[in-house]
Amino acid sequence: MKILVCLSHVPDTTSKINFTDNNTEFDSNGITFVINPYDEFGLTRAMQLKETLGGTVTVLNVGPLSTEPTLRKALAIGADDAVRIDAEPTDASFVAKQIANHVQDNNYDLIITGRESIDYNGGAVPGLLAGMLQLPFVNACIGLELDGTKATVSREIDGGKETLEGSLPMLIAGQKGLVNEKDLRIPAMRGIMMARKKPLNVVAATEATKHTSVSSFDLPEAKSACTMIDADNVEQLVELLHNEAKVI
Amino acid sequence: MSVLVYIESWEGNFKKSSFEAATYASKLASQLGTEAIALTIAASDDASVLGNYGITKVLSIANGSFNNQSYANAIVAAASQVGADTVLISNTNNGKSIAPLVAAQKDAALITNVLDLPSSTSPFTVKRKAFSSKAFANYSTDSANKVISLTPNSYGIEEQGGTASVDSFDFTINAEDLGLKSISIDKATGKISLTEAELVVSAGRGLKGAENWGMIEELAEVLGAATACSKPVADIGWRPHGEHVGQTGIAINPELYIAIGISGAIQHLAGVNASKNIVVINTDPEAPFFKAADYGIVGDAFEVVPKLIEAVKVHKANN
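Line order of the protein sequences matches chains A and B. Each step along the first sequence adds one to the number in numbering that gives the first Met the number 0, with nothing skipped, and position 65 is 64. Each step along the second sequence adds one to the number in numbering that gives the first Met the number 0, with nothing skipped, and position 38 is 37.
Chain A on its own, in the form it takes in the complex (with noise of 0.2 Å):
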C-alpha cells in the first residue's frame, strides 16, 4: 500500500485574522502554523492503514521553505518520506497541477487530502487533482476501509450520509470522522529525533497556468453594540427578532 497524503500548511484555528499591504498580503506577523486540521484526521487514518496493511506513507505540500516544519512534523508522526514542491500556492489550480505531474510520476493505491484548508477554505485542490487524473473522488469523507484494492468509503450528504464503493487508486478528501479527534497524534519524542534522518525531497515547481488571483481582503464589519435582554423578560427578545429582526 502507497499512500500520499497532501498537507496544507495554515495559521492555527486561534489566529487572529489581518492583513497587510492596503488588505491585499495575509498578515504572519506572530501567527503559529500547523498542519491543516483536515489533513491532520487523513494523516492520522494513513498510518493506522500503514500499521494494519503495511506500506509507505509519503507526505507532500506545496509551499515555500517556510512550510518545512509542517513536513516534519508530519514525519515525526509516523510518515516514511515527505516531499516539497517549491512554489507559493496561490492559486488551486496550479497547485492541484504541481501534485498531478508528482502523482503521474509515482503510482500511488491512495490519495488523501483535507477537504480544504481552514484558510482560503477553497476546497478546490481535491477535486481538480482528481480530475485532471481521473481518479475516483470522494469529498467530506468520514469513512473509509480498505479490502485488497476494494475501498468502502463514507462521505457527508446535505440530507445525512452517503456510503459507496470502489476500487484503488483512489483520491479521498478527508475530515474529522475519518479518525476520530482523539486518535490523532502527538509527535514523540522518538518520532522528533527520527524525523531529522527521513528523507525530505525537494522539487522544483513546473509551469502551470494560474487561473485567478486574491486582488483583496476584506475584514468583516464589526458588529455594533449587543443589545442586552433581561432574561425575565424574553418575551422582548421575541418582540425584537420578529419586528427588529424580521426573521421569526
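Just so you know, the hints here were simulated from the structure itself, not pulled from any lab data. These figures come from a predicted structure and were not determined experimentally. Treat the hints with caution; some may be incorrect.
Some but not every residue of chain A turned toward chain B, in silico, with C-beta under 7 Å [to be verified]:
| id | residue |
| --- | --- |
| 1 | 36 |
| 2 | 118 |
| 3 | 120 |
| 4 | 138 |
| 5 | 227 |
| 6 | 244 |
Pulled from the structure, derived: some chain B residues nowhere near chain A, Cβ distances all over 10 Å [claimed, not checked]:
| id | residue |
| --- | --- |
| 7 | 26 |
| 8 | 31 |
| 9 | 47 |
| 10 | 62 |
| 11 | 154 |
| 12 | 155 |
| 13 | 165 |
| 14 | 168 |
| 15 | 211 |
Ideal placement from N, C-alpha and C gives every residue a C-beta, glycine not left out.
Please arrange chain B on chain A, whose structure you already have, making use of the hints.
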C-alpha cells in the same frame, strides 16, 4: 457566451439553494449581457418554474442517480451544447464534489464559496469567504472559462415572473462512473439541513449533558430551525458530528443563530459569525460571544429556554 446553472434537487425536488443559484445566475447573466440557462438532472419538479427566477431555458436530463464524475460530465456537455463559458453551482456537499471536476475538465478558473455578484466583470472579480469566515477575499480571473460556486444562504431568492422553456437533454448518467458506486444513503431523521437552514438553534457545554437537549430540540421545532452544537459537545459525543458548527465543522450563515451555553471561542465564531442575527444566552456576562452578538440574555439556559419556547409559541399563535 451564456451562463449555465446546475439546479440541484434532493429526492426529485429543487433545493432552496437551487433557487438562490438560479436568481444569482440570471443576475450574473444580465451583468454579462447574456442569458442564464439551467440544467436539471433527475428532477420531478416542473422545471418551467425556474423562469420565475430569471432562467430563460432549461435542459433536463430525466433520469440519473448521483455520481460526481458523471454529473460533472453532464454539466460540461450541457455547457458545450449551449455555448456557456460560465458555470454556476451551489456550494452544497454535492456541488462541492462536482464543481472542481467540471473546472478540471474545462481547464476553467474555479472560484468557490462566492457570496455576491462580481464587483467587476473585467477582470472578473468576486467576493468569497476565506479564513473560515474570519475574512473575505476578492478573487479575480482573466480566464474566459469560469466555474463559480455560490455559498447557500448568501444570495437572496428573487421572483421575477416568467416561465422557462424546457428541453430534454440527451445524456446518459453513469451511476458507476470511474467505478464509484453508491451503496446506501442514511438520512438524518426529519432534520432541516444546516447549511440551508434560515434559523439555527445551537447549544454548547453549558447544557451540561446530552440528556438536556430536549428543550433545544423543542425550541428549534417551534421556530422551524435546525439544531447545531459547539465542537466540545460533538467531541464528547453528546451530539452527532454532523451538527458541529465552527471553524473545523460546518460554516453557516443563517438569518438567525441562537447560541445557548456557548462561550464563543474564536474557532466557534469563525464558523458562525456570518449569521445575519446572533442571539447569545449565557450565564457568564463576560462570555466573549456577547461581543459578536446582536441580542444577549445573561441567564441560566435551564430557566431562559423554557420561557423562550413559551414566548415563541404565544407569538406564533398570534401571528
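Least C-beta distance from residue 168 of chain B to chain A larger than 10 Å | holds, 22 Å
Non-interface claim for residue 211 of chain B: all C-beta distances to chain A beyond 10 Å?
-> Residue 211 of chain B is indeed farther than 10 Å from all Cβ atoms of chain A, at 18 Å.
Let me know if the C-beta of residue 118 of chain A comes in closer than 7 Å to any C-beta of chain B, holds or violated.
-> With Cβ-Cβ at 6 Å, under 7 Å, it holds.
Holds or violated: is the Cβ of residue 244 of chain A closer than 7 Å to a Cβ in chain B?
-> Since chain B brings a Cβ to about 4 Å from residue 244 of chain A, closer than 7 Å, the hint holds.
Are all beta-carbon distances from residue 165 of chain B to chain A longer than 10 Å?
-> Holds: least Cβ distance 25 Å, greater than 10 Å.
Was the hint right that residue 227 of chain A lines chain B, CB cutoff 7 Å?
-> Check passed: Cβ of residue 227 of chain A comes within 5 Å of chain B, closer than 7 Å.
Check on residue 62 of chain B being off the interface with chain A, judged by Cβ distance over 10 Å = holds, 19 Å
Please verify that hint: residue 36 of chain A, Cβ, nearest Cβ of chain B, below 7 Å or not.
-> OK, holds: residue 36 of chain A within 7 Å of chain B, min 5 Å.
Check on residue 26 of chain B being off the interface with chain A, judged by Cβ distance over 10 Å = holds, 21 Å
Verify that the Cβ of residue 154 of chain B lies farther than 10 Å from every Cβ atom of chain A, and report whether the claim holds or is violated.
-> Holds, since 17 Å exceeds 10 Å.
Tell me if residue 138 of chain A is really an interface residue toward chain B, meaning its C-beta lies closer than 7 Å to one of theirs.
-> At about 4 Å, which falls below the 7 Å cut-off, the nearest Cβ of chain B leaves the hint on residue 138 of chain A intact, so it holds.
Should the hint that residue 120 of chain A touches chain B count as held when the rule is a Cβ pair under 7 Å?
-> With a minimum Cβ separation of about 6 Å from chain B (threshold 7 Å), the hint on residue 120 of chain A holds.
Checked against the numbered hints given earlier, the structure satisfies every one of them.
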